[in-house]
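Asker: Assemble the complex: chain A is given as a structure, and chain B must be docked to it using the hints.
Number of protein chains: 2
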Amino acid sequence: MSKKPLILITNDDGVTAPGIKALIDVMLTIGDVVVVAPDSPQSGMGHAITLNSVLHLDNLTQKKDNYKTYSCSGTPADCVKIAINEVLNRKPDLCVSGVNHGSNASINVIYSGTMSAAIEAGIEGIPAIGFSLLDYNWNANFEHSKPYIKQIAQQVLNNKLPEGIVLNVNIPNSDKKEIKGIKVCRQAKANWKEKFDKRKTPQGKDYYWLTGEFENLDKGKDTDEFALEKHYISVVPVKFDLTAHHFLQQLNTWNLND
Amino acid sequence: MSKKPLILITNDDGVTAPGIKALIDVMLTIGDVVVVAPDSPQSGMGHAITLNSVLHLDNLTQKKDNYKTYSCSGTPADCVKIAINEVLNRKPDLCVSGVNHGSNASINVIYSGTMSAAIEAGIEGIPAIGFSLLDYNWNANFEHSKPYIKQIAQQVLNNKLPEGIVLNVNIPNSDKKEIKGIKVCRQAKANWKEKFDKRKTPQGKDYYWLTGEFENLDKGKDTDEFALEKHYISVVPVKFDLTAHHFLQQLNTWNLND
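The listed protein sequences derive, respectively, from chains A and B. Its first residue numbered 44, the first sequence is counted upward by one per residue in the working numbering. Its first residue numbered 44, the second sequence is counted upward by one per residue in the working numbering.
Bound-form chain A, shown alone (with noise of 0.2 Å):
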């Protein structure tokens, strides 16, 4: 007699938005779900922790609803730490976050409040999976990546991942154009080109928006970037040992001791 997986969910444009809904849609095919997500939205919060001030957690869970909901004040790393501290009676066999209103493939990966909760959950030992979908309306259809989504979590319990390892899941925008499939990927080297849209306070002072244009130079054809631009689902196994292990025998023979 199988047991249902146990599955968190979160995501970082917050408890409301609607990409978290289509993901607690498709996880209840799958599993018994608990979300725990942030009160408001959190987008480029990278893996930011509250160290400095204090966490508010609320049930939000209605009568009528077949699964618990948390609403946390903090980041989304917090609502990992928080639901598996506080939450949980146990350790959830699964972590997905999102579905992000927007892209988290190339260099996004590290300003993603989204990658940063299922990094979170992978530090704590869950298997886990972000996901992101390449429309940044609050209306976007998530409908076409539903059976995406859950064939990549089965997928997922079935094989579990290795230690130190989360997946980077990015979905192309397909209310126009069929998605093709999933390909597993690296993370393309691109960038954002930042500018800053200098401005004026009523009182006079400048202030300043961040903006900028993303700029991708990587041509590989096995990169998240090429993946989704040809229509297919990017999948990046990420890891969070940042250590460049390539690089230490060359740096080794630098005169640091000198």
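Incorrect hints may have been included.
The list treats identical chains as interchangeable, and a pair is accepted whether it falls inside one copy or across any two copies.
[Claimed, not checked] Derived DSS-like pairs (lysine-lysine); straight-line CA-CA distance at most 27 Å:
{"#": "1", "residue 1": "189", "residue 2": "220"}
{"#": "2", "residue 1": "262", "residue 2": "282"}
{"#": "3", "residue 1": "219", "residue 2": "46"}
{"#": "4", "residue 1": "106", "residue 2": "243"}
{"#": "5", "residue 1": "111", "residue 2": "243"}
{"#": "6", "residue 1": "248", "residue 2": "111"}
Derived by calculation from the structure, the hints in this document are not laboratory data. Model, not experiment: these values are computed from the prediction.
Answerer: For chain B alone, coordinates are given in the frame of chain A:
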């Protein structure tokens, strides 16, 4: 005739922290210095960036100063972005972040605002180093660290870092015991066992403080934690391509496209 290197300095403890003053002292002996640092403490900010609110930038330079100082209302990563785009006339030759008051060894690199600034500089193609002293005290003694900080910064300027790599330098608390030297290391596989300190507001509502204990089960003698325990300075080369390249082949054997 060699021009002095241009050095950008930032941190996550804020522009007034003693740690950044120590770093400024050392860097002024090597090159021309510009400081752009957060106007308030940003510990645990990870690689957060400010997307949903505006940024303020203030010139704090005083007449007597032989370098320029700016404070920014954003995160450490924001400070690097705004420094490059709005403050500096040319790309700096080096970006140093810190000296952090407290450890950024092992898994702490993930949560570290200090290291996120160094990584942001690395993404922008600037050689970068994050420095941390294993002493959380505001009045920590940075004097013993200074010759080592200078040596490591000069080695980075001389040897150049490969694209995609920055250095994470942690310095043992040497007030009681001498620093033995510098060791090149890998990130230890250690993590935090969180605990939440649950309290009640004056109105009787629960709230939480995140606390925890650091647990290192990785006894490798090539780790940063081991080096620090033996009173060596640890230098870990850190990369921001998070792809788990060694797992790509195996992941391709999963039934993702069934």
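Asker: Which hints, by number, does the structure contradict?
Answerer: 3
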